[in-house]
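Chains as they are written, first to last, in the numbering used here: chain A, 1 to 105; chain B, 1 to 513; chain C, 1 to 174; chain D, 1 to 530; chain E, 1 to 612.
Treat the hints with care, as some may be off.
[Unchecked claim] Computed, partial: chain B to chain D, Cβ under 8 Å:
(1) 413
(2) 458
(3) 509
[Stated by the list, open to error] Over the 10 Å line for every Cβ pair with chain E, so calculated as not near, a few chain C residues:
(4) 22
(5) 52
(6) 61
[Said to hold, decoys possible] Cβ pair distances, simulated, as ranges:
(7) 74/B <-> 139/C: 23 to 29 Å
(8) 215/D <-> 277/B: 30 to 36 Å
(9) 508/B <-> 15/D: 41 to 47 Å
Hint data in this document are derived by calculation from the structure and do not stem from the laboratory.
Note that the structure is predicted; figures quoted are calculated from it, not measured.
Backbone N, C-alpha and C define an ideal beta-carbon position, used for all residues, glycine too.
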Amino acid sequence: MPIETAPGLEAGIMLSSILFCLGLAGLMMRRNVIFMLMCVEICTNAAALMFVVAGAHWGNVDGQVMFVFVVTLAAAEVAIALALVLQFYHRKHTVDIDQLNELRG
Amino acid sequence: MSAQELFGILPLLILSAGIVILLLQVSFWRGHLGALATTTITLVLAMTSCFWVAGSLSGATSSIQVTGLLQVDYTALFFCLILLLTAFAISIMGYNYLRLRCDPKGISGSYPEEYYILLLLAMLGACTLIFSSHFATFFLGLELISLSLYPMLGFSLTGDLSPKREKLQSLESAIKYLILSALSTALGLFGIALIYSASGALDFVGIASRITELSQTSTLFATGVTLLLISIAFKLSLVPFHIWTPDVYQGAPTPTTALIATVGKGAVIGFLLRFFNILDLYSSQVLLDMLSIAAIASMLVGNLLALMQTNIKRLLAYSSIGHIGYLIVAFIIGKSTFGTEAVIYYLVAYIITTLGSFAVIGLVADSVEEKVLKGEYPESPLSDVQNPYQRAFYRGLLWRSPWLAGCFAAMLLSLAGIPLTIGFIGKFYVFTAGVEGQMWVLLAGVVIGSALGLFYYLRLLLTMVQRDNVPDINNTGAVQIATSGQLLLLILTTALLVFGIFPQILINWINAL
Amino acid sequence: MNFVFYLTSAIAVVATAMVIFHKNAVHALLYLVTSLLAVAVIFYQFGAPLAAALEVIIYAGAIMVLIVFVIMMLNQGDSTVVQEQTWLQPRTWLGPALLSALLLAQLILLVSSGKISSNQTFHYIGPKQIGIALFSHYVLAVELASMLLLAGLVGAFHLARRKKIDSEGSSNAY
Amino acid sequence: MTLLAIIIILFTGGIIAWLSERYFKAGGRWISLITLLLTAMLLTNYFTFIHSTGVGTAEPWWDSLQISWIPRFGIDFHLAIDGLSFLMLALTLAMGIFGVLMTWNDISFRRGFFYFNYLWTLAGVVGVFTAIDLFLFFFFWEVMLIPMLFLIAVWGYEQRIYAAIKFFIFTQASSLLMLIAIVGLVYIHYTNTGQLTFNYNALLNARLPPGIAYWLMLGFFVAFIVKLPALPFHTWLPDAHTQAPTAGSILLAAILLKTGAYGLLRFNLPLFPESSIEFAPVAMTIGAISIIYGAMLAFAQRDMKRLVAYSSVSHMGFVLLGLYALDTIAIQGAVMQMIAHGLSTAALFALVGALQHRLHTRDMQQLGGLWGRLPKLSAIALFFAVASLGLPGLGNFVAEFTVLVGSFRTNHWMTALAAIGLIGAALYALLMMQKVFFGKLNKRLEKPIREHEATDLNIRESCALLTLAALLVFIGLHPQPIFNIAEQTVQRSTTKIEAVLNIQKFSPEKISSQTHPTRLEHTSIEDTTP
Amino acid sequence: MQGLLAWVPLLPLIGFLILVAIPLFHRSEPPQKFVACIGVGSVGLAALLTMIVAFTLFWKTPSELVNISLWQWMLVDNLQVGFNFHIDWLTIVMLLIITGVGFLIHLYSVGYMRDDMDFRRYFAYLNLFVCAMLILVLADNLVLLYLGWEGVGLCSYLLIGFWYKEPANGTAAQKAFIVTRIGDTAMAIGLFLLFYEFSTLNIQQLISVIDGQEVNTEIITLACLLLLGGAVGKSAQLPLQTWLPDAMAGPTPVSALIHAATMVTAGVYLIARMHPLYMLSEVAMNAVAFVGATTLLISGFSAIAQSDIKRVLAYSTISQIGYMFLALGVGAWSGAIFHLMTHAFFKALLFLSAGSVILSLHHEQNIFSMGGLYRKIPLTFICFTIGCACLAALPFTSGFYSKDHILLSAWEYHQGVNILWLAGILGALVTGVYSFRLLFLVFLGKEGTASTHCKDANTPVMSIPLCILAALALFGGLLAPPLQAVFGVRPDEDHSAWIEGVAIAMPLIGLAIAWRLFLHEQKSGEQRSPLMQFWFSGWGFDWLYGHLLVRPFKYLSQINHNDIIDSLYKGTAAVSRQMNALLSASQNGQVRWYLTSFAVGSILFLALLVAL
């Protein structure tokens with residue numbers, strides 16, 4: 001059933017782009033690993049947002065199905081990421097990503 | 001879903017079954033060798049099933065569509081087979097690695113068995129990726145690889161016996177890969193979403209049916225494909241998205257490094273071939289230009305970075321950047337007489353050689369680790385000569401362990417593209433493809449890259465024949481690697497030479513696709 | 001209706017901006033939840049109630065809570081605010097912000113330059129349709145998603161074990 | 001089959017030599033010697049062909065062997081022999097034997113592996129000289145490098161690794177260009193005829209668009225002149241020669257450099273006649289400059305081996321000059337120069353090696369006045385020094401003279417320039433004699449010479465060297481057999497080129513200054529001298 | 001009968017081979033007697049053979065002279081070179097001089113070199129030289145001639161540097177070889193030009209081709225000049241004369257044989273041999289004549305200023321060959337050869353006598369430390385006097401006849417007083433001065449520092465050749481060679497008597513000047529007037545060449561001895577290393593930096609999309 005009054009697909013894409021870029025900016029500027037994880041979630045969420053918007057635009061289920069998978073991924077990824085963060089904190093006693101620089105050159 | 005469809009994805013089913021069985025087995029009875037056995041049996045069965053499936057494909061049904069998400073055809077099965085073989089080799093390398101890191105008799109144990117579960121999961125992801133004909137399966141397959149790789153990268157973290165330095169490096173590589181890969185996934189998803197926005201379809205055939213009107217009207221689609229390509233370039237570590245490669249390769253457990261360098265890239269290449277073919281992206285000059293620039297940059301930057309590198313794992317990481325650059329050169333001409341063939345051949349060459357060289361490094365490091373555990377060797381290397389990951393350690397290896405060094409030399413020569421090895425035929429294919437496509441700039445890049453590459457491959461090679469300042473890790477100076485490892489190296493070297501001298505064998509297989 | 005969309009969009013953007021600039025992790029997380037809730041509202045507006053629900057339940061509910069849990073576990077409360085302050089100097093964020101702005105500009109340019117579609121109508125897609133799709137056409141994908149979760153499970157289980165981490169130095173002195 | 005047998009025997013001989021060292025200390029060198037003698041005996045099978053050189057017969061090959069190898073690309077394992085190949089094979093095997101004899105006791109480290117590499121290099125070279133499938137040619141071209149690399153890198157002198165890598169990168173990078181050119185050539189032939197083949201005989205008839213042909217020709221050319229070596233790609237040679245062990249230097253100088261010249265004659269000229277004609281003035285200039293520049297650098301060296309190495313640059317310049325004169329006499333001269341230079345320079349390197357082995361230095365500042373102590377060695381060195389400066393009556397003179405006579409017909413000024421190189425040769429050869437053998441005995445040498453009493457050449461070395469000397473005298477006084485054997489191959493190149501020239505001659509606008517002034521049209525000197 | 005002539009060069013070659021091969025079979029040095037037998041015997045046999053053949057041929061007509069074909073040397077395309085000998089009277093005269101004088105000098109050497117360690121090596125070289133020289137004159141084509149030509153050059157090099165322990169000798173030897181090689185190279189280019197033009201290098205064919213057709217004079221001129229280049233190199237004429245004085249570093253008999261009697265006259269032989277070619281080009285003829293005239297004056301004056309007995313003789317040799325070139329240049333072919341022959345006799349005599357002096361004075365060569373030796377070594381004195389008389393062309397000596405012939409030809413050439421003739425006359429005066437200066441300073445006057453230790457070193461084996469040569473020098477003027485068949489007969493012209501008178505007077509005036517200036521002068525060589533110093537240094541040619549050619553070349557090659565082209569590649573390597581360092585710095589291990597690079601990469605890719 002069509003929804004006549006919704007804003008355009010473009011608006012959705014714009015919003016999603018803005019959110020994605022914000023996430024990217026945060027990823028680049030934060031040194032705290034946990035913040036970085038949050039920023040990754042922002043980025044993922046931005047992509048997921050676009051799937052839903054596009055799905056609504058085309059009127060097929062694929063968009064929301066992809067959303068489901070993206071959320072699944074986000075959950076699994078965060079689980080592993082947090083496990084690694086815990087290990088990181090316990091070994092280095094910091095969450096500063098810049099401390100992870102033994103491998104270089 | 002019909003029975004034929006189910007039969008088509010038999011390799012995937014077998015892998016899934018293997019995963020479940022292994023899970024159950026581990027929860028009841030932990031045992032390293034047992035896990036290895038289950039894994040190898042699963043892999044062998046999956047390989048066999050590839051042949052069955054291939055046998056059922058014929059004439060009219062040269063490909064099977066499985067619920068619109070997967071598509072099984074000869075090329076995909078060939079890739080699948082290659083990757084499963086690789087996984088087999090990696091499981092052997094992994095066994096030798098874990099044997100020395102995870103104390104089986106430890107009080108709580110450090111559970112090496114998970115490694116095999118993750119390996120099988122990664123293989124499931126890789127095979128899915130290759131079979132995928134839909135963005136959902138593409139995405140899930142890709143992420144399945146990544147998600148299994150994160151813990152595998154950080155695996156020595158939990159090994160009771162792993163040296164502390166190794167643990168920290170392993171952790172670092174896992175976190176770095178995770179953050180960067182997550183971003184790349186997000187970007188790729190963003191790209192897929194854009195493609196979906198533009199086309200309204202997620203399956204490749206559906207997109208392809210709309211492609212003519214799309215490419216004329218919408219930059220949305222092009223943007224989406226570009227973003228997706230960036231994500232793929234990241235996985236392939238093409239310049240400028242290569243920057244994670246050396247750190248992750250160096251820090252990871254060597255079998256995982258081999259996995260990420262071979263399966264991680266091979267599956268993506270397999271997918272890319274299908275993706276470009278179905279969507280006919282070869283007609284898009286912009287994309288080809290992008291790929292060309294990335295390829296040239298990869299060949300130059302990768303080889304330049306490797307030039308003065310003394311850590312062998314990093315060196316191979318850099319060299320793999322260059323090699324993917326060469327591969328992309330062949331890839332760019334795409335659907336021509338030699339294009340696809342060249343890509344597949346080069347990929348096989350790359351996989352065999354990379355696997356072999358990482359196997360050597362890993363096995364040598366393992367043999368040192370064994371001595372450390374026995375207390376015969378300093379725990380933390382005092383100098384480069386004592387560090388098995390440093391070039392200096394390989395001084396005079398040919399005199400100390402001639403067979404091992406011979407295998408490694410063959411690998412290096414293959415990487416350098418010298419005749420008698422498969423790497424040469426691969427490079428020859430690249431040249432043929434390049435000439436066919438008349439891509440002289442790219443070929444110039446290949447030549448310059450190869451010339452640069454020669455320098456560091458040769459330096460490493462000649463380090464092995466050096467006569468003085470040879471490290472002495474025990475009285476005879478020989479490096480004694482595990483028997484299974486020896487066998488693995490022997491097989492890989494034989495394949496490398498046989499396919500190098502009689503390439504027609506492999507060409508026939510590829511052309512039978 | 002459009003007004004609601006723009007309002008919630010603005011909330012989402014502002015809240016997200018707060019996330020990346022805020023010093024306190026817990027506060028930032030709350031802003032993130034706010035942002036996610038705003039996105040859920042948008043989903044609802046676009047006729048995707050299931051997505052909206054999942055966004056709230058899984059994203060805001062489960063994943064964020066997981067992060068909160070870890071923040072608490074690491075004791076990342078007020079104590080680190082000062083540290084975050086020093087880390088987040090204009091010098092640090094200016095470059096990334098500019099780069100992101102550039103990327104955004106490019107994306108907007110590219111998205112707006114092409115005509116998307118003449119059709120500006122949206123469709124309501126309910127949970128039922130999605131459920132049917134998931135368990136018919138997408139059943140293999142769902143199975144794969146389960147494998148994905150399995151991988152996450154095995155990985156997290158393996159990595160998060162903290163055995164001997166604290167008592168290191170006893171048996172293997174590295 | 002004989003050709004295949006030769007290659008296989010060399011390969012297996014290498015492996016046996018390697019393995020035997022474990023059980024029998026001196027096994028490697030004896031097995032090498034026996035292997036080489038065996039192959040030399042096999043080569044004598046072809047003696048019957050020497051006298052039956054009917055010029056212009058349809059089948060130019062004396063013998064050939066064709067086995068399908070990679071059908072996907074139309075690549076065959078295709079060996080064949082003709083006069084030129086025969087000469088080169090004979091040179092290769094002779095120098096191989098010479099090298100073994102001269103360095104009988106030099107090697108002490110991993111002797112078996114040394115001879116393995118030695119024989120494999122030779123096998124590769126034999127392959128290069130007999131392969132007439134372009135892919136196979138390239139294959140052997142590369143295969144011969146690896147063992148050579150090891151020879152330099154393992155048994156070389158102080159800077160061996162640097163020299164080995166430099167040597168390898170130069171040759172390899174340039175040969176990649178050749179590979180591109182080969183593939184390009186094959187591909188054009190394929191698009192023209194629909195037949196995918198790397199067969200030399202088939203590709204001879206490929207019709208190439210002029211522009212592309214020029215580039216392809218350059219691809220081959222660069223690879224070959226790097227090996228030759230000619231300016232500006234010669235800088236690997238002094239390092240490689242100097243750092244290589246004596247046997248390696250002998251192989252490099254006597255044989256490996258010849259592969260470049262062989263390639264030019266076998267491939268460049270017949271495959272790309274038009275482009276070669278167009279390019280000839282440039283190539284001749286490169287050759288002439290190489291002659292002078294090499295001589296000048298040889299003169300400036302302190303290291304005796306470097307001196308000989310630079311003299312090779314100079315001498316091989318004559319080959320380049322001669323080949324690109326595109327004149328029968330000059331090309332014959334170039335072939336002769338390959339052989340004569342092989343003999344004389346190999347002997348010089350052997351002598352420097354003998355000195356280094358005895359006195360542990362190659363620095364000419366630390367040598368001097370050796371005639372009094374090592375009269376035999378000095379006398380033989382004098383002979384070869386004189387040979388290398390092109391004394392008439394020895395092979396090098398015949399070669400240089402015919403090259404210059406022939407190339408003078410094509411290009412007066414470059415030939416005159418090249419002839420100045422003869423003075424340069426005298427300069428460095430005599431400088432070497434003066435600094436090393438004449439003058440007072442260097443004080444630094446009094447001790448080492450006294451310590452090793454029997455330092456002069458022994459019977460084995462003397463015989464090997466005197467045989468070379470006799471050969472040089474023989475080809476200097478009676479070079480006709482070699483001219484006869486090579487004639488057919490040379491004819492085949494020149495007839496193709498002359499055919500092109502004739503076409504050009506009849507289209508008047510195409511005649512430009514660089515074309516070949518034939519003897520028929522009596523161009524006066526004003527035409528060529530401004 | 002003539003076929004036997006093939007053995008003439010072969011005999012010395014066999015001698016050479018035997019002498020060289022001895023160490024292969026015999027550990028110690030063989031006895032001197034054996035070596036002398038081989039060395040002298042082979043040349044003696046050759047001389048005997050030549051004389052017999054010449055004697056038998058003397059009665060035959062010229063047409064019966066034949067070619068001897070040994071074997072085909074080179075046959076490529078139309079380049080056809082045989083190992084063939086051509087025999088005519090010019091050849092036979094040269095053969096007689098070479099083997100005859102050569103034999104005498106060999107014989108003398110047995111005595112002269114009796115105390116030398118390297119007796120065998122000496123005779124080996126000498127035999128090889130004779131062989132090469134014989135091939136040179138026998139060759140029927142220019143390539144074979146070139147073989148002999150370079151062969152004698154090599155032997156000259158070896159013999160100049162015979163006493164290798166003294167570095168100066170080596171330098172002199174090198175100089176000799178390289179300077180002559182410069183000429184040889186010119187000659188080689190001349191050969192190429194001739195072949196290019198006429199498609200043959202056979203001398204007789206060449207001549208017949210030239211006769212038969214209309215030829216381009218300019219090419220002939222160029223070819224002649226190039227050949228002249230070779231000739232001036234070998235014959236030490238201007239501008240390549242500088243090597244000969246230094247060549248005196250070799251043993252004195254060597255100087256007699258190679259640097260006076262035979263090899264240095266090869267240039268004369270070459271031009272005489274190629275005379276039909278030269279006759280076609282006036283420019284070339286004039287060039288030859290002027291080279292000769294200039295050289296004879298310059299070196300004549302240089303000879304006056306020298307203090308080394310051998311250097312005086314060396315400069316006089318250059319001067320006398322200048323006369324021969326003058327003769328060639330004015331077309332007096334047989335005059336040139338005649339002078340070549342007489343010069344061979346008297347110059348060999350002079351050198352051998354000088355050798356006796358040097359040996360008697362224990363290797364003292366400075367004429368200012370000699371003097372008054374006529375009492376102590378009378379035989380040498382007599383021989384030397386005869387030699388000087390011949391050199392100065394005092395009437396009725398052999399030198400007089402030949403030089404007179406040349407001067408008359410020069411007069412005739414331009415029908416009157418001309419610069420060439422004047423140069424010849426002035427040269428005759430100068431010759432008189434320096435030859436008698438030498439005689440006076442060495443044998444007359446007060447005893448010098450070295451004279452007191454003088455001990456007559458002449459043994460019979462040395463005296464006999466001296467006597468024979470003295471006789472030849474005195475009476476050789478009667479043996480005018482029968483060269484009409486080769487050069488054609490020139491009509492005799494009558495000359496006014498004053499011309500003859502001038503020619504006779506000049507040497508006498510020279511004698512008087514020498515008597516006046518030098519008989520009682522015993523000042524040491526060090527203090528010279530600037531003019532004398534200039535002459536002493538050989539007109540500064542060495543200095544000039546040193547600064548003009550040698551030093552720049554050495555400098556250039558020295559600064560480039562590391563090969564500037566290599567720096568190109570080293571530079572490439574350095575740039576690669578820099579790039580490596582730069583890129584490696586980008587791998588700094590910082591995740592945020594990596595993320596930034598990722599973002600930048602994405603921006604670049606999208607920018608590409610935007611741009612296209």
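So, going through the hints one by one against the coordinates:
1. Hint status for residue 413/B: holds, given a least beta-carbon distance of 7 Å to chain D, under 8 Å.
2. Given the 8 Å rule on beta carbons, the hint for residue 458/B holds: about 5 Å separates it from the nearest Cβ of chain D.
3. Checking residue 509/B against chain D by beta carbon gives a least distance of about 11 Å; that is not within 8 Å, so the hint is violated.
4. No beta-carbon of chain E is positioned within 10 Å of the beta-carbon of residue 22/C; the least distance is around 18 Å.
5. At roughly 30 Å, the least C-beta separation between residue 52/C and chain E is larger than 10 Å, which holds for a residue marked as non-interface.
6. For residue 61/C, the shortest C-beta to C-beta distance to chain E comes to about 28 Å, beyond the 10 Å cut-off, and the non-interface label holds.
7. With their beta carbons about 26 Å apart, residue 74/B and residue 139/C fall inside the hinted range of 23 to 29 Å.
8. Roughly 32 Å separates the CB atoms of residue 215/D and residue 277/B, a value that falls within the hinted 30 to 36 Å.
9. In this structure the hint that residue 508/B and residue 15/D lie 41 to 47 Å apart at CB is violated, the actual value being about 29 Å.
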